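For chain D, the structure is supplied; the task is to place chain E on it using the hints.
Listed below, chain by chain, are the residues.
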Amino acid sequence: MATDPLQKTGPEPSVADTAAPGHLVVFDQVVKRYGDHVVLDHLGFTVDRGQHVTLIGPSGSGKTTILRLLMTLEQVSDGVIMVDGQSLTHMPGPNGSLRPANEKHQREIRKKIGMVFQQFNLFPNMNVLQNITEAPVNVLGLDRAEAEERARDLLQLVGLEEKATAHPTQLSGGQQQRVAIARALAMRPEILLLDEVTSALDPELVHGVLDVLRDIAHTTDITLLCVTHEMNFARDISDRVMMFDKGKVIESGTPEKIFGDPDHERTREFLGAVL
Amino acid sequence: MNYNWDWASVGDSLPLLWEGFKTTLLATVLGTLVAAVLGLIVAMAGRAPSRLVTVPVRAVTEFVRSTPLLVQLAGAYAVFNTVEPLTIGITVLGIHYASYLSEVYRAGIDAVPKGQWEACRALSMSPRRTWQAVILPQAVRNVLPALGNYAISMFKETPFLAVITVSEMVAEAREYGATHFVYAETFTLAGLIFLAASYPTSLLMRKLEKRLGH
Numbered sequence: 001m002a003t004d005p006l007q008k009t010g011p012e013p014s015v016a017d018t019a020a021p022g023h024l025v026v027f028d029q030v031v032k033r034y035g036d037h038v039v040l041d042h043l044g045f046t047v048d049r050g051q052h053v054t055l056i057g058p059s060g061s062g063k064t065t066i067l068r069l070l071m072t073l074e075q076v077s078d079g080v081i082m083v084d085g086q087s088l089t090h091m092p093g094p095n096g097s098l099r100p101a102n103e104k105h106q107r108e109i110r111k112k113i114g115m116v117f118q119q120f121n122l123f124p125n126m127n128v129l130q131n132i133t134e135a136p137v138n139v140l141g142l143d144r145a146e147a148e149e150r151a152r153d154l155l156q157l158v159g160l161e162e163k164a165t166a167h168p169t170q171l172s173g174g175q176q177q178r179v180a181i182a183r184a185l186a187m188r189p190e191i192l193l194l195d196e197v198t199s200a201l202d203p204e205l206v207h208g209v210l211d212v213l214r215d216i217a218h219t220t221d222i223t224l225l226c227v228t229h230e231m232n233f234a235r236d237i238s239d240r241v242m243m244f245d246k247g248k249v250i251e252s253g254t255p256e257k258i259f260g261d262p263d264h265e266r267t268r269e270f271l272g273a274v275l
Numbered sequence: 001m002n003y004n005w006d007w008a009s010v011g012d013s014l015p016l017l018w019e020g021f022k023t024t025l026l027a028t029v030l031g032t033l034v035a036a037v038l039g040l041i042v043a044m045a046g047r048a049p050s051r052l053v054t055v056p057v058r059a060v061t062e063f064v065r066s067t068p069l070l071v072q073l074a075g076a077y078a079v080f081n082t083v084e085p086l087t088i089g090i091t092v093l094g095i096h097y098a099s100y101l102s103e104v105y106r107a108g109i110d111a112v113p114k115g116q117w118e119a120c121r122a123l124s125m126s127p128r129r130t131w132q133a134v135i136l137p138q139a140v141r142n143v144l145p146a147l148g149n150y151a152i153s154m155f156k157e158t159p160f161l162a163v164i165t166v167s168e169m170v171a172e173a174r175e176y177g178a179t180h181f182v183y184a185e186t187f188t189l190a191g192l193i194f195l196a197a198s199y200p201t202s203l204l205m206r207k208l209e210k211r212l213g214h
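Chains D and E, in that order, give the protein sequences.
Residue numbering for the first sequence follows the numbering used here, beginning at 1 and increasing consecutively.
Residue numbering for the second sequence follows the numbering used here, beginning at 1 and increasing consecutively.
Read the hints as simulated data drawn from the structure, not as lab findings.
Since this is a predicted model, take the numbers as computed values, not measurements.
Possibly wrong hints are sitting among the right ones.
Here are the simulated lysine to any residue pairs, SDA-like style, with alpha carbons at most 20 Å apart [what the hints assert, rightly or not]: (1) Lys114(E) / Ser199(D); (2) Lys210(E) / Gly208(D); (3) Lys114(E) / Pro124(D); (4) Lys114(E) / Ala133(E); (5) Lys112(D) / Thr130(E); (6) Lys163(D) / Pro124(D); (7) Lys114(E) / Glu103(D); (8) Lys114(E) / Thr169(D); (9) Lys257(D) / Lys112(D); (10) Lys104(D) / Lys210(E); (11) Lys114(E) / Leu73(D); (12) Lys111(D) / Thr130(E); (13) Lys163(D) / Leu201(D); (14) Lys104(D) / Ser50(E); (15) Lys104(D) / Glu19(E); (16) Lys114(E) / Lys163(D); (17) Lys22(E) / Pro85(E); (18) Lys114(E) / Lys257(D); (19) Lys156(E) / Glu19(E).
Pulled out of the complex, with its shape left as it was, chain D reads as follows (with noise of 0.2 Å):
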C-alpha cells in the first residue's frame, strides 16, 4: 500500500524544482523496495513531451518498476513523481502541506497515460470493439457511436479492423497485443508506457506488433516510454536511450550513442551480451 514518504524522509520534496516547463515525467529520489530489497535507488530522470525514451537493462533490474509505479500499478517508497507539472506521489494537504496522494487524485492523471502488458491483458468476456471502447464510453463518457468510430479507426491503424467481433481468444498472440496497443490509444493517453510488449509472443508475431508501434512513433506526437529487449526496434523508434542497472540510470542518451559508443563499462558489456 501506499507508504508515507513525507512522515520517513523529513524535509519536504523539492515538487517546485522539478515542476520544470517542458518536462512531462519527472522522477525525484524515486526509491522503491520491496522489504529490504531496493528496487529503484534515488531515481531521477525526466522525460520531455513527444519524446520516445527506452529503458534497457538486465531482467529484474527495475525496468519494469518505473512503468508500474507511472501507471500506479505500485506505490514509490519514496520520492516524487511528476507527471504534467503535476504530482503523482502527492497532493496539497492543509495549510499548503503535502499528502501522500490518494486514489482519486491518481486517477484523474492516470487518464493522461495509457499501457500496453507484456500479457495483453484483454477482457476475455468482451469482443475486440467492446474491449477498445469500453474506457471511452464508461470512463470518458463518449457516446457508443463515437467510441465504436474511434476504435474502428484504430483498429484500421493496426490492421485488424476485419476482428472487429471477434473474441480475444480466437485471435493469436500478435493480433492479442495490436487490440491492447488499439486499446491504450482510445483513451487518447498523453504517454504511452510499453512494458515489454513483444516478450510473451512468438518470434514471427513480433514484427507485426513492432511495425504499427513504428508507426505511431513516427506519425503520433505521443509520448512512448518503453521497455524493451528487442534492440533494433529500440534504436529505430528512440530519441533516447537509458541504461538502468541496480536501480539506477547508469548512461543516457541518442540511440546512435548508447548503441554505438557507450561510455560505460557496463554498458558495453550488457549490449555485448544482447546484440
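Relative to the frame of chain D, chain E by itself:
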C-alpha cells in the same frame, strides 16, 4: 422377498406427490436464487478493506457452515413462529448455501488473473465498473458449474423442510403412506422423481462445464 407391491397405490399417490414436488421445486429455485445473490454479497464483503466488515462476515459464515441445516431450520422455525414455514425454509436454505457459495465465488474471483485488474486500472476504470464489466462476468463464468452442483445438492436436501411442516414431496409421501399403509411404494416413487429431476440436471451441468472449458 414376499412383499406385495401395490401398483394401484403408486398411481393413486402420484397426484399428491406431484403437489409436493411443486413445493420442492419452488423451494429449490428460490433457495438457490437467495444463495446465489447472498453468496456473492458475502464474497465481496469478505474482500472489503476494513476488518470491521470482514471479521463479522467470516464469523457468521463459519457459524452457518459448522452447524447442521436441520438444526438451523428447527431453530429458525422456533424463533420466527409467526412466519410462514415455507418462507422460513427458503430463507434458511438460501443462507445455508450462501455460506458455501461465498467460498465458491471467492475462488472464482481469485481465479481472475491479476492482469485483468491492472488493465482496468490502466484504463482508469472505476472500481464499480471494474467489478461489473470485467471481474464479475469472468468470476461467475468460473463458478457456474459449481453453482449448478450446489443447486442440485440443495434440491436433494429439501426433504428437511418437512421438519418445519412444509408439505414438500417427501412429507406428502409419508402422509400418504401413513393413511394408506403403503410406505415402500410412495417413498420409492418419491425417490424416482428426485432421480428423474436431478440426473438430467447434473448431465446438463457437466455439459456446461465442458463448454466453459474447465
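Evaluation of the provided hints:
1. About 18 Å separates the Cα atoms of lysine 114(E) and serine 199(D), which keeps this hinted pair within 20 Å; it holds.
2. Restraint check for lysine 210(E) and glycine 208(D): the C-alpha separation of about 34 Å exceeds 20 Å, so the hint is violated.
3. For the proposed pair lysine 114(E) and proline 124(D), the alpha carbon gap of about 13 Å is at most 20 Å, so the pair holds.
4. About 15 Å separates the Cα atoms of lysine 114(E) and alanine 133(E), which keeps this hinted pair within 20 Å; it holds.
5. Under the criterion of a C-alpha separation no larger than 20 Å, the hint pairing lysine 112(D) with threonine 130(E) is consistent with the structure, at around 19 Å.
6. For the given pair, lysine 163(D) sits about 14 Å from proline 124(D) by alpha-carbon distance, which is consistent with the 20 Å threshold.
7. Only pairs whose Cα atoms come within 20 Å are accepted, and lysine 114(E) paired with glutamate 103(D) is accepted, the gap being roughly 18 Å.
8. Between lysine 114(E) and threonine 169(D) the CA atoms are separated by roughly 18 Å; this keeps the pair inside 20 Å, and the hint holds.
9. Distance hint between lysine 257(D) and lysine 112(D) is unfulfilled; the C-alpha atoms sit about 31 Å from each other, more than 20 Å.
10. Restraint check for lysine 104(D) and lysine 210(E): not satisfied, since their Cα atoms lie roughly 42 Å apart, outside the 20 Å limit.
11. For the suggested pair lysine 114(E) and leucine 73(D), the alpha carbons sit about 11 Å apart, so the restraint of at most 20 Å is met.
12. Proposed proximity of lysine 111(D) and threonine 130(E) is supported: the alpha carbons are some 15 Å apart, at most 20 Å.
13. A threshold of 20 Å between alpha carbons decides the hint, and for lysine 163(D) with leucine 201(D) the separation of about 19 Å falls inside it, so the pair holds.
14. For the proposed pair lysine 104(D) and serine 50(E), the alpha carbon gap of about 19 Å is at most 20 Å, so the pair holds.
15. For the hint pairing lysine 104(D) with glutamate 19(E), the CA-to-CA distance comes to about 57 Å; that exceeds 20 Å, so the pair is violated.
16. Our distance criterion of 20 Å between C-alpha atoms is broken by lysine 114(E) and lysine 163(D), whose separation comes to about 26 Å.
17. Taken as a hint, the lysine 22(E) and proline 85(E) pair is honoured in the structure, with Cα atoms around 15 Å apart against an allowance of 20 Å.
18. For the proposed pair lysine 114(E) and lysine 257(D), the alpha carbon gap of about 38 Å is over 20 Å, so the pair is violated.
19. Note on lysine 156(E) and glutamate 19(E): the hinted pairing holds, with a Cα-Cα distance of about 17 Å set against a maximum of 20 Å.
Figure legend: structure checked against the earlier numbered hints; hints not met, in rising order: 2, 9, 10, 15, 16 and 18.
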